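Protein chains in written order, with the numbering used here: chain V, 109 to 223; chain C, 294 to 408.
Derived by calculation from the structure, the hints in this document are not laboratory data.
Quantities reported herein were computed from a predicted structural model and do not represent experimental measurements.
Backbone N, C-alpha and C define an ideal beta-carbon position, used for all residues, glycine too.
A couple of the hints might just be wrong.
[Stated by the list, open to error] Some residues of chain C that are not near chain V, with every Cβ distance over 12 Å (derived):
1. D319
2. P323
3. N351
[Said to hold, decoys possible] Straight-line C-alpha distance at most 25 Å; calculated DSS-like pairs for lysine-lysine:
4. V:K165 <-> V:K125
5. C:K296 <-> C:K366
6. C:K395 <-> V:K165
7. V:K165 <-> C:K296
Residue strings, one per chain:
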Amino acid sequence: GAGVSQSPSNKVTEKGKDVELRCDPISGHTALYWYRQRLGQGLEFLIYFQGNSAPDKSGLPSDRFSAERTGESVSTLTIQRTQQEDSAVYLCASSPHGDRQETQYFGPGTRLLVL
Amino acid sequence: AQKITQTQPGMFVQEKEAVTLDCTYDTSDPSYGLFWYKQPSSGEMIFLIYQGSYDQQNATEGRYSLNFQKARKSANLVISASQLGDSAMYFCAMREGNNFNKFYFGSGTKLNVKP
């Protein structure tokens with residue numbers, strides 16, 4: 109079936125503007141993750157959704173970052189008043205929950221550039 | 294302390310030879326899972342192999358095998374018969390305990406396969 113999709117694939121914005129990034133997980137996957145990957149670095153965990161439970165927001169770097177998810181479907185990550193240090197690739201992943209390996213399936217990412 | 298350490302920022306290997314990518318981890322939880330992901334230049338993260346902390350045998354998936362040395366807390370990835378398409382970033386990751394929200398990624402190793 110279809111994999112995880114993300115949109116837009118690339119986003120260029122001016123400092124101070126708000127941006128919204130979208131993630132469509134694999135159908136039926138109950139867990140959804142957002143990560144940030146700065147150039148040349150590993151992944152930083154941002155936020156995790158599991159079914160209808162309250163999300164784990166422990167990785168969000170500031171209150172300018174927020175995310176929502178409607179049920180077990182689409183999620184949006186919003187960054188308000190963007191700063192240049194927000195420039196990164198934002199990766200979304202989903203996993204089935206209950207799968208022993210708990211493999212995360214990643215989307216292609218959104219490349220955000222803040223000028 | 295770093296949860297996942299990958300000490301090789303870059304590696305070269307000759308086509309058709311085997312290569313080992315190093316990964317050490319740090320956890321006091323007896324239950325954990327170890328993952329390797331491949332990230333080509335196109336950006337998507339591709340799951341390669343999984344090892345559970347209670348698994349008795351080293352995981353293998355085709356040309357990929359995981360050299361799991363529990364006492365040393367290492368989980369090195371071995372790629373046999375390297376191919377040009379193996380050139381990519383490789384990330385080691387750990388899920389700590391049974392917490393779906395505690396995934397830690399290393400900083401990655403850039404593998405270049407030479408013809």
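Against the structure, the hints:
1. D319: holds, 15 Å
2. P323: holds, 16 Å
3. N351: holds, 15 Å
4. V:K165 <-> V:K125: Cα-Cα ~22 Å, so holds.
5. C:K296 <-> C:K366: OK: K296 of chain C and K366 of chain C at ~11 Å, within 25 Å.
6. C:K395 <-> V:K165: Between K395 of chain C and K165 of chain V the Cα gap is close to 12 Å, so the pair holds against 25 Å.
7. V:K165 <-> C:K296: With a Cα-Cα distance of about 19 Å, the restraint between K165 of chain V and K296 of chain C holds, given a limit of 25 Å.
In terms of the numbered hints stated before, the structure departs from none.
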